[in-house]
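Asker: Offset between the sequence shown (1-based) and the numbering used here: plus 201.
Worth double-checking, as some hints may not be accurate.
[What the hints assert, rightly or not] Under the rule of at most 27 Å between Cα atoms (straight-line distance), these lysine-lysine pairs were calculated in the BS3-like manner:
| id | residue 1 | residue 2 |
| --- | --- | --- |
| 1 | Lys427 | Lys327 |
| 2 | Lys328 | Lys427 |
| 3 | Lys427 | Lys468 |
| 4 | Lys427 | Lys330 |
| 5 | Lys330 | Lys231 |
The hints are simulated quantities; they were obtained by calculation from the structure and are not laboratory data.
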Amino acid sequence: MVFDGTGSRGEFTAWLRSARDGLVTGDGGKERALRALGLDDAGLLAFARARRVVVSLPHASPNVFFPRVGVSWYVRHLQRHDPSAFHLRVALTHVNFSDLGWRPYAWWFLDQDGALARETLFTRNKKAKHVVVAGQRPMGEVPPRAVGADREAAELALHGADRALSHLLLMSAVERAAGLTVPGRTLYLPLDLLVAFFRDGLPGAGSDESGGWPAALFGLRTRARKLDGTGRLVDCDAVGEAFVLDNSSNIALLSLLGCAGVVGGAKMAGYWGEIEDRVARAGRLSGVPVPVPELLRLPDGVAYEDVVRPSSGLAAELAAAGIGYSQGMAVAEHGRFAEEADPFR
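All chains should be modelled from the sequences, with the hints used to inform the complete structure.
Answerer: So this is what it looks like as C-alpha cells:
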C-alpha cells in the first residue's frame, strides 16, 4: 500500500477551519489577517488540493535576516518552475527571546528617512529571556517610526492572538510586499497547531489510512514540552499536554500531510537521518509505511548581495549595531525585490 497524505491533509484543513478564529482578534481586521496567513477559505482549499507541498521552517520573529531570506526566496524559485507547488511555512512558535539568530525580542526596520530604527518588544534579562514568543501577549501598538510596508505589517500584526501570531502576521505582510510569497499558494502555520491536531486525535489521529502512525510517532518521541504559567517550556510526561515534541518528531509529523519536501541547509542535513529513522520506525510499529519528505537542500554560496544589498549608509549603521540586513529593510530600499530577481537561476 502506498500512503497518500491528502486524506490526512484534508482532515487537518477542516480542523484548521474550525480552529482559525482563535488565532486572530478584532472584528475589523479578522478576515484580512486570516487571508494574510493563507487561512481564509480559498487558501485552505488550495492547500488541501495542492499536488506538491514544499515546507519551510522559520522562527516566529519580526526579523528575517539574510541569508535566511534565501529559504523563502528558494521556494519562490521552485514555484516559478512548478506552478502547482504550494508553500507551507511552518513557524516555530516555541522559540524564546534569547534566540540571537532571529532576535524576536526587537524589530529592526527603516524609518521615513531610511535610517535604522529599533523597536524593543521584550526584555532579554536573565529572568525573562527563556519565555517563548507564544507565551506572550500580542503586539499592542504600531511603532511610531514605522512607515510604508512596515507600518501596514505592524497594523496587521495587532490582530494576532499572541506574540507568535503577531510575528507571523508581520512576516507574512513583509514577504508579500517583497514578492517572496505567492498569495493563495502560501500558508503560515504555527507548529504547535500541527502538534495539537495529531495529539488531540490520538490514538488514531488522521485519516483511516494513517491508522496508528501518529500514536506510534508520539510514543517514539524523545521529549515533550508544555507551556507553564509563566510562558516558559517545561518537560511533561503526559503527551496530551504537549505543546511541542522534540525537533525530529515535530518535522516527522509533516509526513502525514503528504508534504513533498522540506527546505533546509547544512544544519538540517546533519540531523535529517534522525527524521528518516523516526518516520521509518513509526511505520514499522503501526504497519503503515509513510514516505519521508525530500530534504530540499538550499544551495550553498548564493550571492544574495549581487541581487539586493543595503545602501552604503545603512551598511555602516548595521555594522555599528551588529545587526544583519533583513527582508523588511530590503523592501524599504528596493521594493518588490524578489518579484523578478532570482538568485537561484
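Asker: Between Lys427 and Lys468, is the straight-line Cα distance small enough, at 27 Å or below?
Answerer: 25 Å, holds
Asker: Straight-line Cα separation of Lys330 and Lys231 no greater than 27 Å?
Answerer: Roughly 30 Å separates the two Cα atoms, so the pair is violated.
Asker: Are Lys427 and Lys327 close enough, with their CA atoms no more than 27 Å apart?
Answerer: 21 Å, holds
Asker: Would the hint linking Lys427 and Lys330 be met if the CA-CA limit is 27 Å?
Answerer: Distance ~17 Å between Lys427 and Lys330 Cα, so the pair holds.
Asker: Need the status of pair Lys328, Lys427: alpha-carbon distance at most 27 Å?
Answerer: The hint holds at about 19 Å.
In terms of the numbered hints stated before, the structure departs from hint 5 and from no other.
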